[in-house]
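Enquirer: Sequence:
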Amino acid sequence: MIRTLRTTSAMAIAAVAFSSAASAQLLYENQSGGSVELYGQFNPAIISVDDGQETETNIRDNDLSRSRVGLRLAQPFGDNTFRFRFEAGLGLPNSTETNQLGDNFSGWTRDDLRHIDFSLEGDWGRVSLGQGSMAADGIAESDLSYVGVALYSYTADANAAFLFRDNTGVLSGPAVGDTLDTFDGSRRGRIRYDSPEIAGFTFSAAYGENILNTADTSDYYDAAVRYSGEFGGGIQLDAGLAYQVRDNNGVDRSDVVGSASVLLQNGLSFTFAGGTRDNDAAGASDPDYLYFKVAYDADWFSFGQTGVGVHYYDGSDFNVAGSETKGWGVGFAQRVEAYNTDVYFTYQNYEYSDAANSYQDLSTLVLGARWRF
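With mature numbering (1 follows the signal peptide of the UniProt record, and there is no 0) as the guide, the letters of the sequence shown map in order to residues -24 to -1, 1 to 349.
Any given hint could be a false lead.
[Said to hold, decoys possible] In silico DMTMM-like pairs for lysine to aspartate or glutamate, Cα to Cα no more than 25 Å straight-line: (1) Lys302 x Asp254; (2) Lys302 x Glu5; (3) Lys302 x Asp154; (4) Lys302 x Asp55; (5) Lys302 x Asp330; (6) Lys302 x Asp157; (7) Lys302 x Glu313; (8) Lys302 x Asp170; (9) Lys302 x Asp264; (10) Lys302 x Glu97; (11) Lys302 x Glu63; (12) Lys302 x Glu30; (13) Lys302 x Asp133; (14) Lys302 x Asp337; (15) Lys302 x Asp262; (16) Lys302 x Asp275.
[What the hints assert, rightly or not] Distance windows between CB atoms, simulated: (17) Tyr203 x Thr31: 31 to 37 Å; (18) Glu313 x Thr31: 31 to 37 Å; (19) Val312 x Gly10: 16 to 22 Å; (20) Thr33 x Ser148: 41 to 47 Å; (21) Thr57 x Leu213: 24 to 30 Å.
Hints listed in this document are in silico derivations from the structure and should not be mistaken for laboratory results. Just so it is clear, CB atoms sit at the ideal spot from N, CA and C, and this is done for glycine as well.
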């Protein structure tokens, strides 16, 4: 059965804005060297999910990179620079809020507050305070390929709430989003320190709490090291490694996670990620995963860069101990410089099995466009 394509007025407005607006930088500077920048993006996508028996197609805000607006302020302060950042999602109907059983749109909530962040930086590094990125945020997503705007660090952003069907056609399986993870860091109300760059390396550490959800009383802390550099022959390397802990009233969950991406001068790139989790909670499993992507960047068209890629994910013990999750996907992305827009298409296939049952594969097609200002 194929369900009808559905749209919403909010998504229609976003699509019109995306299609009619050209690239513009809303940057305002003062005479003392300070600046204020307004920015944002719209990222609507047509998402079609096939669970092996039914196909459902919708237009949603792509959770891979949600639509948002923000403001950045910078002001010299002696030998240092004071910065403030505010960023919030728009609360549009989201790709993670739909499955075979219907829609569960939350609208705009306090969880859409992404950054309320103050920082001071100088030659000694940077200290940040407020809602923002922990040290490990982005650590699983090192990616130098252009197609990484749509195809990176295997996730279920487009279909996280969809359920796996067993081989009899019953929706008895877990949600896709419960069967895989990258252990990437998060945003919290935190205090964070970033060291100055030394020979391409930077060190970060943070402590935080989930100030947007009063039901979450855990403490979060992490540390990360990152490297970015270029070698002979135009070879570029980005890499990162982090250790993070969630302390839930004395019950710890710790992750070790890292990623690396190499871009050759000919446009070919190789990206890796992996991680392990140790969860002390009673009955919890200790999952792990490996991820690999090969991509190619090219200048086939005069109006912008083109990227293609293929990636593979292999995870164990995510939903329950003994379970296996495998996935693969292909993607295409096209830059349209005149409109500051990335148009993309991806296909991804998800496989899940556990000791209790076997399930049909689930696949997802996504056609979207991200416009930034």
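Enquirer: Does each hint hold? Answer for all of them.
Expert: Against the structure, the hints come out as follows:
1. Lys302 x Asp254: It holds: about 21 Å lies between the C-alpha atoms, which stays within 25 Å.
2. Lys302 x Glu5: Violated, at roughly 49 Å.
3. Lys302 x Asp154: This hinted pair holds, its Cα atoms lying about 13 Å apart.
4. Lys302 x Asp55: Answer violated: Lys302 to Asp55 is near 51 Å, above 25 Å.
5. Lys302 x Asp330: 12 Å, holds
6. Lys302 x Asp157: 11 Å, holds
7. Lys302 x Glu313: This hinted pair is violated, its Cα atoms lying about 35 Å apart.
8. Lys302 x Asp170: 35 Å, violated
9. Lys302 x Asp264: 12 Å, holds
10. Lys302 x Glu97: Violated: Lys302 and Glu97 sit about 42 Å apart, past 25 Å.
11. Lys302 x Glu63: 34 Å, violated
12. Lys302 x Glu30: 21 Å, holds
13. Lys302 x Asp133: 16 Å, holds
14. Lys302 x Asp337: Given pair Lys302, Asp337 holds - Cα atoms ~10 Å apart, limit 25 Å.
15. Lys302 x Asp262: 17 Å, holds
16. Lys302 x Asp275: 32 Å, violated
17. Tyr203 x Thr31: 31 to 37 Å: 43 Å, violated
18. Glu313 x Thr31: 31 to 37 Å: 35 Å, holds
19. Val312 x Gly10: 16 to 22 Å: Hint violated: Cβ distance 32 Å, outside 16 to 22 Å.
20. Thr33 x Ser148: 41 to 47 Å: 23 Å, violated
21. Thr57 x Leu213: 24 to 30 Å: Cβ of Thr57 to Cβ of Leu213: about 28 Å, so the range 24 to 30 Å holds.
Figure legend: structure checked against the earlier numbered hints; hints not met, in rising order: 2, 4, 7, 8, 10, 11, 16, 17, 19, 20.
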